[in-house]
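Engineer: Sequence:
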Amino acid sequence: MRILDFYLGRMLLNQILLVLGVLAGIFAFVTFIDQVSYLGTGRYSLFDALRYVVLSTPRIIYEVFPMAVLIGAIMGLSLLALDSELTVMRASGVSISQITRAVLKLGLALALFALVIGEFLTPWTETLAQRGRAEALEQNIEHKSNSGLWMRDGGTFVNVREILPDLSLRGIRVFQFDSASQLRALVYAGRGNYNEQYWDLNDVKQTIIDEDGFTQVSEAQKARWTTSVTPQTMSVFLTQPDQLSLLQLRKYIAHLVTNLQDARNFELAYWSKLTLPLATAVMLILAIPFVFGSIRTNRMGRNLFIGIMIGIVFFAASKALGYIVLVYKLPPLLGATLPTLAFAAAAGLLYRRIR
Numbered sequence: 630m631r632i633l634d635f636y637l638g639r640m641l642l643n644q645i646l647l648v649l650g651v652l653a654g655i656f657a658f659v660t661f662i663d664q665v666s667y668l669g670t671g672r673y674s675l676f677d678a679l680r681y682v683v684l685s686t687p688r689i690i691y692e693v694f695p696m697a698v699l700i701g702a703i704m705g706l707s708l709l710a711l712d713s714e715l716t717v718m719r720a721s722g723v724s725i726s727q728i729t730r731a732v733l734k735l736g737l738a739l740a741l742f743a744l745v746i747g748e749f750l751t752p753w754t755e756t757l758a759q760r761g762r763a764e765a766l767e768q769n770i771e772h773k774s775n776s777g778l779w780m781r782d783g784g785t786f787v788n789v790r791e792i793l794p795d796l797s798l799r800g801i802r803v804f805q806f807d808s809a810s811q812l813r814a815l816v817y818a819g820r821g822n823y824n825e826q827y828w829d830l831n832d833v834k835q836t837i838i839d840e841d842g843f844t845q846v847s848e849a850q851k852a853r854w855t856t857s858v859t860p861q862t863m864s865v866f867l868t869q870p871d872q873l874s875l876l877q878l879r880k881y882i883a884h885l886v887t888n889l890q891d892a893r894n895f896e897l898a899y900w901s902k903l904t905l906p907l908a909t910a911v912m913l914i915l916a917i918p919f920v921f922g923s924i925r926t927n928r929m930g931r932n933l934f935i936g937i938m939i940g941i942v943f944f945a946a947s948k949a950l951g952y953i954v955l956v957y958k959l960p961p962l963l964g965a966t967l968p969t970l971a972f973a974a975a976a977g978l979l980y981r982r983i984r
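First residue of the sequence shown: 630, per my numbering; consecutive thereafter.
Derived by calculation from the structure, the hints in this document are not laboratory data. Just so we're clear, the structure is a prediction, and the values are computed from it rather than from any experiment. The C-beta atom is built at its ideal place from N, Cα and C for all residues, glycine as well. Treat the hints with care, since some could be wrong.
As the list claims (entries may be wrong) - Taking CB as the label site, the calculated pair distances span:
no., residue 1, residue 2, range
1, Asn831, Phe806, 21 to 27 Å
2, Leu978, Val745, 31 to 37 Å
3, Lys734, Ser674, 35 to 41 Å
4, Gly930, Leu962, 52 to 58 Å
To be verified - Heads up, simulated EDC-like pairs for lysine to aspartate or glutamate below, C-alpha to C-alpha not over 16 Å straight-line:
no., residue 1, residue 2
5, Lys734, Glu748
6, Lys958, Asp891
7, Lys851, Asp829
8, Lys880, Glu692
9, Lys851, Glu840
10, Lys734, Asp634
11, Lys851, Asp839
12, Lys948, Glu692
13, Lys880, Asp782
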């Protein structure tokens with residue numbers, strides 16, 4: 630069985646990598662075409678556009694991975710069926726269950742490969758891509774709200790007008806409340822830079838409000854601001870939640886929950902990452918009935934086309950359902966797992982028909 634496992638794994642891996650390269654190339658080309666429209670803006674050049682595309686490639690690979698696994702597995706098994714190798718294996722006493730176990734061993738290795746990309750490579754390259762693009766376009770990175778970025782740190786509310794590409798801040802307003810939810814201090818700073826464990830604030834104006842409502846205003850060129858809000862906290866606004874690692878997502882979800890803020894967008898990304906190994910296994914299992922069910926009927930071409938369409942539907946459904954659960958405030962776990970569970974149920978039904 631070790632020889633069979635190695636042979637099947639090598640055959641399927643070659644086709645999966647081929648499909649992954651093709652899909653990544655297509656999506657990268659589309660990304661490049663989108664970036665071409667920004668040429669001439671600020672200092673954004675052709676080199677900057679190419680750099681952005683190259684750095685975005687790990688993210689693209691991660692996003693299309695389950696679809697590439699399904700299409701590549703169907704292609705690999707179809708080639709074995711065309712050469713009658715699957716028929717010989719079955720005639721030699723190799724059961725479909727044994728072939729499935731061999732395929733799933735490859736799936737485990739592929740899932741680990743995808744997790745490494747999603748955990749370590751994608752967060753780093755995507756951050757570099759977004760920062761480099763913002764700097765070349767000579768843009769400040771702003772939150773979508775017209776009032777800037779709002780955060781909460783215990784009894785303190787923080788409003789940041791702009792986050793610059795180097796993660797320094799502009800237009801900082803800190804509202805400090807007491808246990809009775811009464812405003813006690815307002816601090817305004819023109820700019821802030823992080824220095825080890827605190828923020829160095831420049832052009833500071835502080836207003837203190839006592840219990841009788843009287844105010845005392847003071848100004849300073851510099852001040853120190855100690856808070857749990859770090860550049861790492863700010864960096865999540867440079868990338869999308871699904872481009873962060875599981876560790877980064879967990880930390881930021883905990884920060885949002887502690888401060889009673891909406892964390893569903895980040896929870897959706899977190900659960901989607903955790904279900905990736907299951908999605909990979911489901912795609913591999915789904916490929917087996919398509920091929921074995923067509924060996925005798927000679928409909929492998931048709932089934933390959935259907936498999937490609939299923940991969941596209943899975944990719945689109947995963948994205949669309951994510952938006953739906955956020956809009957209608959459904960549990961993020963539902964949006965992350967429902968497409969995979971639905972396809973797992975379909976794969977199980979089809980698999981039973983060929984056994």
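Engineer: Are the hints correct? Go through all of them and say.
Structural biologist: A quick look at each hint next to the structure:
1. In this structure the supplied range 21 to 27 Å holds for Asn831 paired with Phe806, their Cβ-Cβ distance being about 25 Å.
2. Distance hint for Leu978 and Val745: a CB-CB separation of about 32 Å, consistent with the stated range 31 to 37 Å.
3. Between Lys734 and Ser674, the C-beta spacing of about 46 Å breaks the proposed range 35 to 41 Å.
4. With their beta carbons about 38 Å apart, Gly930 and Leu962 fall outside the hinted range of 52 to 58 Å.
5. For a cut-off of 16 Å, the pair hint linking Lys734 to Glu748 is broken: about 21 Å separates their Cα positions.
6. For a cut-off of 16 Å, the pair hint linking Lys958 to Asp891 stands: about 10 Å separates their Cα positions.
7. Taking the CA atoms of Lys851 and Asp829, the gap is near 7 Å; set against the 16 Å cutoff, the hint holds.
8. In summary, the hint linking Lys880 to Glu692 is not supported, as the alpha carbons are separated by about 22 Å, beyond the 16 Å threshold.
9. Note on Lys851 and Glu840: the hinted pairing is violated, with a Cα-Cα distance of about 27 Å set against a maximum of 16 Å.
10. At roughly 8 Å between alpha-carbon atoms, Lys734 and Asp634 fall within 16 Å of each other, so this suggested pair holds.
11. Taking the CA atoms of Lys851 and Asp839, the gap is about 23 Å. The hint is violated against a cut of 16 Å.
12. Distance restraint check for Lys948 and Glu692: the Cα-Cα separation of roughly 10 Å lies within the 16 Å cut-off, and the hinted pair is therefore satisfied.
13. The straight-line distance between the Cα atoms of Lys880 and Asp782 is roughly 14 Å, inside the 16 Å bound, and the hint therefore holds.
The structure is inconsistent with the numbered hints 3, 4, 5, 8, 9 and 11, although it conforms to all the rest.
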